[in-house]
Amino acid sequence: MTGFKDHFSTNNAGYAAHRPTYPHALADFLADAAPARTQAWDAGCGTGQLSVLLAARFRRVLATDASAQQIASATPHEAVTYRTAPAEVSGLSAGSTDLITVAQAAHWFELDAFYAEVRRVARPRAILALITYGVLHVAGEEVEAVVQRFYHAVIGPYWPTERRHVEDGYRSLPFPFEAVEAPSLAIEVSWGMSDLIGYIETWSAVRQAEKAVGRGPIDAAQAELARAWGDPEARRMVRWPLSLRVGRL
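Residues 1 to 249, numbered by full-length UniProt numbering, are exactly what the sequence shown covers, in order.
Quick caveat, the hints were computed from the structure, so don't treat them as lab data. One or more hints might be untrue.
[As the list claims (entries may be wrong)] Distance windows between CB atoms, simulated:
#  : residue 1 : residue 2 : range
1  : Ser194    : Ala145    : 12 to 22 angstroms
2  : Phe175    : Ala153    : 27 to 37 angstroms
3  : Glu210    : Ser190    : 20 to 30 angstroms
4  : Arg235    : Phe175    : 33 to 43 angstroms
5  : Glu188    : Gln208    : 24 to 34 angstroms
6  : Arg83     : Gly216    : 35 to 45 angstroms
7  : Ser93     : Arg235    : 39 to 49 angstroms
8  : Arg83     : Phe175    : 23 to 33 angstroms
9  : Gly216    : Ala79     : 44 to 54 angstroms
10 : Gly91     : Glu188    : 30 to 40 angstroms
Virtual Cβ for every residue (Gly too), placed ideally from N, Cα, C.
Sequences and hints are given; from them, build the entire structure.
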């Protein structure tokens with residue numbers, strides 16, 4: 001790995017607290033597709049949102065991330081072993097793994113080196129799944145308009161270039177594997193306004209905007225969100241459609 005771009009360690013506690021959890025149906029699909037349920041590797045695991053779900057379905061889960069701070073904030077689980085390691089040099093044994101997942105992280109990897117590592121650690125007919133969720137949608141026309149305007153217009157210029165791969169559902173990433181059809185899935189949560197703001201504050205573009213122009217535009221958008229939301233304790237449905245690239249080795 002020649003250059004780890006760390007956009008998240010400065011707010012790893014916020015990331016752990018406010019990033020949404022993947023649906024159980026995703027873990028069920030992946031476990032059913034894998035040739036066995038002995039070992040899964042969650043590469044670029046962050047604070048373990050998917051790792052813990054996989055642990056209910058696999059005997060062992062190895063969860064790696066290049067950020068030591070993310071690993072330090074990861075959710076403990078008796079079946080999950082967390083390790084600070086780049087995805088391209090995992091330290092896993094050859095031919096040991098039934099499932100390899102990458103959730104919301106593949107766009108940061110050096111894919112040729114990562115795919116070589118996947119082929120090295122995979123058992124025959126193992127599954128590789130690249131998983132991403134893009135722009136959220138919030139119930140309520142006025143609130144949705146505020147959120148979309150903030151995402152695209154206010155902080156749009158501050159997203160890293162790799163973000164384009166998230167927005168196109170990883171369709172532009174090379175994926176030289178036998179394709180496996182995936183179901184249509186989404187993350188859905190019922191959030192109050194503070195939950196949504198906490199999540200927005202984890203965005204790398206927010207951090208970059210803050211450095212470039214200060215908090216003014218961010219605070220103004222949050223005030224606009226508060227006016228549109230109404231009762232801050234009211235809960236609204238927030239939804240992220242999932243995009244999956246799934247392949248068999």
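Per the hint of 20 to 30 angstroms, is the separation of the Cβ atoms of glutamate 210 and serine 190 within bounds? The hinted range 20 to 30 angstroms holds for glutamate 210 and serine 190, with Cβ atoms some 28 angstroms apart.
Kindly confirm whether 27 to 37 angstroms is satisfied by the beta carbon distance between phenylalanine 175 and alanine 153. Since phenylalanine 175 and alanine 153 have Cβ atoms about 31 angstroms apart, the given range 27 to 37 angstroms holds.
Cβ separation of glutamate 188 and glutamine 208, checked against the hinted range 24 to 34 angstroms: 28 angstroms, holds
Against the range 39 to 49 angstroms, how does the distance between the Cβ atoms of serine 93 and arginine 235 compare: consistent or not? Holds, since serine 93 and arginine 235 (Cβ atoms, about 45 angstroms apart) stay within the stated range.
Satisfaction of the hinted span 44 to 54 angstroms by the C-beta atoms belonging to glycine 216 and alanine 79: 46 angstroms, holds
Beta-carbon spacing of glycine 91 to glutamate 188 - inside the hinted bounds 30 to 40 angstroms or not: 35 angstroms, holds
Assessment of proposed distance window 33 to 43 angstroms (beta carbons of arginine 235, phenylalanine 175): 37 angstroms, holds
Could one say that the CB atoms of arginine 83 and glycine 216 fall in the range 35 to 45 angstroms? At 40 angstroms between Cβs, range holds.
Given the hint of 12 to 22 angstroms, check if serine 194 and alanine 145 actually sit that far apart at their C-beta atoms. 20 angstroms, holds
Does the hinted range 23 to 33 angstroms hold for arginine 83 and phenylalanine 175 at CB? 25 angstroms, holds
Every hint, counting from the list given before, is met by this structure.
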